[in-house]
Amino acid sequence: MERVRFYQIGSYAAGNRLLDGELQTVQSDTHRTNSLNSGHRACQGCGEALGARYALDAVMRATGNQMVAVNATGCLEVFSTPYPETAWQVPWLHSLFGNAPAVATGVAAALKAKGRTDVRVVGQGGDGGTVDIGLACLSGMFERNDDVLYICYDNGGYMNTGVQRSGATPHGAATTTTPAVGPQPGNDFGKGKNLPAIAMAHRIPYVATATVADLRDLEYKATRAMKFHGARYLHVLVPCPLGWRTASNETVKIARLATETGIFPVFEAEDGEVVAVSKIRRRLPVADYLQPQGRFAHLFGATPREDVIAKIQAEADRNVRVFGLTDPEVPVHGVVS
Amino acid sequence: MPEASKHGTLPFAITLDPGSSLANKTGSWRTEVPAYVDRLPPCNDACPAGENIQQWLHHAEESGYEAAWRQIMADNPFPAVMGRICYRPCETACNRAILDEPVGINSVERFLGDEAIKQGWAVSVDAPASGKHVLVVGAGPSGLSAAYHLRLLGHEVTVRDSCPEAGGMMRYGIPAYRLPRDVVDAEIQRIADLGVRFELNTTVADLRAELDAFDAVFLAVGAHVGRRADIPAGDSARILDAVSVLAQVEQGDQPLLGRRVAVYGGGNTAMDVARTARRLGATDAVVVYRRTRDRMPAHDIEVTEALEEGVRMRWLSTITYADAGRITIEKMKLDETGFPVPTGEFEDLEADSVVLALGQLSDLALVEGLDDVTITDHVVQVGAHLMTGHPGLFAGGDMVPSERTATVAIGHGKKAARNIDAWLRGTTDQRPPRHDLATYERLNTWYYSDAPATVRPRLDLARRVSTFDEVVGGLDASTALFEARRCMSCGNCLECDNCFSVCPDNAIIKLGGGKYEIDLDFCKGCGLCAAECPSGVIEMCPERL
Numbered sequence: 001m002e003r004v005r006f007y008q009i010g011s012y013a014a015g016n017r018l019l020d021g022e023l024q025t026v027q028s029d030t031h032r033t034n035s036l037n038s039g040h041r042a043c044q045g046c047g048e049a050l051g052a053r054y055a056l057d058a059v060m061r062a063t064g065n066q067m068v069a070v071n072a073t074g075c076l077e078v079f080s081t082p083y084p085e086t087a088w089q090v091p092w093l094h095s096l097f098g099n100a101p102a103v104a105t106g107v108a109a110a111l112k113a114k115g116r117t118d119v120r121v122v123g124q125g126g127d128g129g130t131v132d133i134g135l136a137c138l139s140g141m142f143e144r145n146d147d148v149l150y151i152c153y154d155n156g157g158y159m160n161t162g163v164q165r166s167g168a169t170p171h172g173a174a175t176t177t178t179p180a181v182g183p184q185p186g187n188d189f190g191k192g193k194n195l196p197a198i199a200m201a202h203r204i205p206y207v208a209t210a211t212v213a214d215l216r217d218l219e220y221k222a223t224r225a226m227k228f229h230g231a232r233y234l235h236v237l238v239p240c241p242l243g244w245r246t247a248s249n250e251t252v253k254i255a256r257l258a259t260e261t262g263i264f265p266v267f268e269a270e271d272g273e274v275v276a277v278s279k280i281r282r283r284l285p286v287a288d289y290l291q292p293q294g295r296f297a298h299l300f301g302a303t304p305r306e307d308v309i310a311k312i313q314a315e316a317d318r319n320v321r322v323f324g325l326t327d328p329e330v331p332v333h334g335v336v337s
Numbered sequence: 338m339p340e341a342s343k344h345g346t347l348p349f350a351i352t353l354d355p356g357s358s359l360a361n362k363t364g365s366w367r368t369e370v371p372a373y374v375d376r377l378p379p380c381n382d383a384c385p386a387g388e389n390i391q392q393w394l395h396h397a398e399e400s401g402y403e404a405a406w407r408q409i410m411a412d413n414p415f416p417a418v419m420g421r422i423c424y425r426p427c428e429t430a431c432n433r434a435i436l437d438e439p440v441g442i443n444s445v446e447r448f449l450g451d452e453a454i455k456q457g458w459a460v461s462v463d464a465p466a467s468g469k470h471v472l473v474v475g476a477g478p479s480g481l482s483a484a485y486h487l488r489l490l491g492h493e494v495t496v497r498d499s500c501p502e503a504g505g506m507m508r509y510g511i512p513a514y515r516l517p518r519d520v521v522d523a524e525i526q527r528i529a530d531l532g533v534r535f536e537l538n539t540t541v542a543d544l545r546a547e548l549d550a551f552d553a554v555f556l557a558v559g560a561h562v563g564r565r566a567d568i569p570a571g572d573s574a575r576i577l578d579a580v581s582v583l584a585q586v587e588q589g590d591q592p593l594l595g596r597r598v599a600v601y602g603g604g605n606t607a608m609d610v611a612r613t614a615r616r617l618g619a620t621d622a623v624v625v626y627r628r629t630r631d632r633m634p635a636h637d638i639e640v641t642e643a644l645e646e647g648v649r650m651r652w653l654s655t656i657t658y659a660d661a662g663r664i665t666i667e668k669m670k671l672d673e674t675g676f677p678v679p680t681g682e683f684e685d686l687e688a689d690s691v692v693l694a695l696g697q698l699s700d701l702a703l704v705e706g707l708d709d710v711t712i713t714d715h716v717v718q719v720g721a722h723l724m725t726g727h728p729g730l731f732a733g734g735d736m737v738p739s740e741r742t743a744t745v746a747i748g749h750g751k752k753a754a755r756n757i758d759a760w761l762r763g764t765t766d767q768r769p770p771r772h773d774l775a776t777y778e779r780l781n782t783w784y785y786s787d788a789p790a791t792v793r794p795r796l797d798l799a800r801r802v803s804t805f806d807e808v809v810g811g812l813d814a815s816t817a818l819f820e821a822r823r824c825m826s827c828g829n830c831l832e833c834d835n836c837f838s839v840c841p842d843n844a845i846i847k848l849g850g851g852k853y854e855i856d857l858d859f860c861k862g863c864g865l866c867a868a869e870c871p872s873g874v875i876e877m878c879p880e881r882l
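Chains as they are written, first to last, in this note's numbering: chain A, 1 to 337; chain B, 338 to 882.
Hints in this document: simulated from the structure, not taken from any laboratory. Just so you know, these numbers come straight off a predicted model, no measurement behind them. One thing to keep in mind: the hints can contain errors.
Non-contacting residues of chain B with respect to chain A, defined by C-beta distances greater than 12 Å in every case (computed) [as the list claims (entries may be wrong)]:
| no. | residue |
| --- | --- |
| 1 | ASP451 |
| 2 | CYS500 |
| 3 | ARG518 |
| 4 | THR713 |
| 5 | GLY850 |
Listed next, the in silico BS3-like pairs over lysine-lysine satisfying Cα-Cα at most 27 Å (straight line) [to be verified]:
| no. | chain 1 | residue 1 | chain 2 | residue 2 |
| --- | --- | --- | --- | --- |
| 6 | A | LYS253 | B | LYS847 |
| 7 | A | LYS227 | A | LYS114 |
| 8 | A | LYS253 | B | LYS852 |
From the three backbone atoms N, C-alpha and C, an ideal C-beta is built for every residue, glycine too.
Given these sequences and hints, build the entire structure.
Below you can see the structure in the form of structure tokens.
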């Protein structure tokens, strides 16, 4: 009998009772590591807590549980490990805000010196620790091509210290340091850093982006990254109910809207070149993504800022064009080969 | 010198043992708590036979065809028949229609019904014998359904029918090109095999005597008397009624319709008789109906198939006179309320015969002697439990007020059986309250990929107008599986593990076998599980203090 596709829940849900274990996600497995355990102090509906568990559980499966994680300062560190408690169920180190890539390099070097080539190293942090404070260390790690997968959980700001702007804060978004006042409310256009592009410019073996809205894609990329040696970079969009001022149950929906509007392109690149992109399934205008978020509320309301929304739409249009997010010719990945 | 602790020697500058975050019961943050609920899928809600469609599709999705079939059989003993002739209120209600196209529930049901016949699956009576004996009058869908369910409940059942074979309208009303007779035979045989006694060619004359002889009686005599219209007609006009024509064809008599046949009426019976006329050699079969197509009581698929087969339609027309080889029709127009009014314009139409398909009446002579049975508008009045005014005398199907379809009749049969059973045991039939409806808004359809409905193969048109071969084909195992898997499992957990995965706090416990539990010690009540549940089975409720 010919193979029947699973139209009922497609390949979008975490699990499927009709699929063999091999084809299920790591998250649907009751034996997943639960790298970040219950009892952590992240806010209700935290995208970063979710993204970190998704990513590290996949790496644990890919490495046969031989992994060390090095964490930058930030929400992820603060909410998971208030001394002397920890929610981590993996070997985990924390040193400073800006030095996680350098510490990860050191751990990789130490393991190599000890002959433990079976143990793989992951560095991780938020966008503040990665895009701003840790950028020099990260660039060095990329340039030396150290055998580390660095994962950035991007929630677009310094959320744990009170929602300040970071180099990854989107244009037009209000934070406590870019308030919604004046003729150009919110974060300035033309500023900020596109770290996946910066990583690709280092010509490291593997760079990818993902979101918490597409679990299968995120697990695929974390798994695929472990097939490479050398410096690798994974940039995961993780909505923050606190800083984005969204309802706690909207975290996944907002991440989905970020990809479906073209705001956040999901792709993977090898040696500095894009090799695959995730297609937009049902393209939506950026307003659909912006409007539910309190940090963009000033663009709507009694006097909508159509001009600002148009500029954000132009950025999304550019992503769609540059990455071919709606072009049927570009291969669409799905499974680890 | 480092201090000793329960974990041995602590590292430099560390004074406390490392602890687990599990000590921090974040459940105390919660103001809302998720709860797993069952909601009523719209298909189940719409099924007149009360089938648990979502559940049998769930089995079919796993290729558990026998389990799926048994789930249907719990409510309906005619899957193969229903898979052909049901008007599928389930598909009209299906939430998937909003996303792309409704799930082909009916085609999967037919596949399961046919598979059961092919594999010889059977049911058995597991209930202990009650010692009660019930008479069922009428071997149509309603009577047979009641007999089947009563037998499964442990009662002795005798079915009487004045026709030579059982099946009622399934045999004598619905043409064979829609419902092959071997299918009807097979599904009735299964009921006979349970030990239901059939007394055919037997007309019940004295109901009082039968009420004394049996513990209870279920009347399901149907409606097989064609409603007449007073059409002025010449001596040699040939006017027949649709029900008799269809019954004659079934019994092998060739009704003399001629080459040009006019069918008067706009219901499904009109379509059946027009299409039958075409198959009997009529070169011209025309349906005369006083309103427009969108107001026709016939189901759209019947009209479409009739048109495909060359049946012509004269909408907004009434027959005012009939004579040999000719009828006169008057054109109508609809007034503001949609009621047809005459225009005074007349037209002649060649027609060798006129077949009246203006609805059917029940032959209720049987109950006329019973004072406590009420007849209003030509139908027998029954209470909520389908009992007539006479204790122990129940009635269902076309002879009681209802929508007259086989599916409704089958539903009546089941309902009557349950109520007769309760009445015989001195109890009342108690059903749990229905769950809230699983409306489309409660689903998260992102997780379903797009998959248009599978189209059933159709018999070549040339063969359709010349033979009584079945028009609509069935699905094979792989297409049936594909179709079953399009089900979105509205309001019922489909075990996708989304809740288990999407919880940032690992506060969902996956127990296996489709069961999950909320870990209330750690659930912060964020609501992500409810928001990302495809089938809408998680509800956020206010936390009780």
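Going through the hints against the structure:
1. ASP451: holds (17 Å)
2. CYS500: Holds, since 42 Å exceeds 12 Å.
3. ARG518: holds (31 Å)
4. THR713: holds (47 Å)
5. GLY850: violated (9 Å)
6. A:LYS253 - B:LYS847: Given that 27 Å is the threshold and the Cα spacing comes to 23 Å, the pair holds.
7. A:LYS227 - A:LYS114: holds (21 Å)
8. A:LYS253 - B:LYS852: holds (25 Å)
Going through the hint list in order, the structure does not satisfy hint 5, though it satisfies all others.
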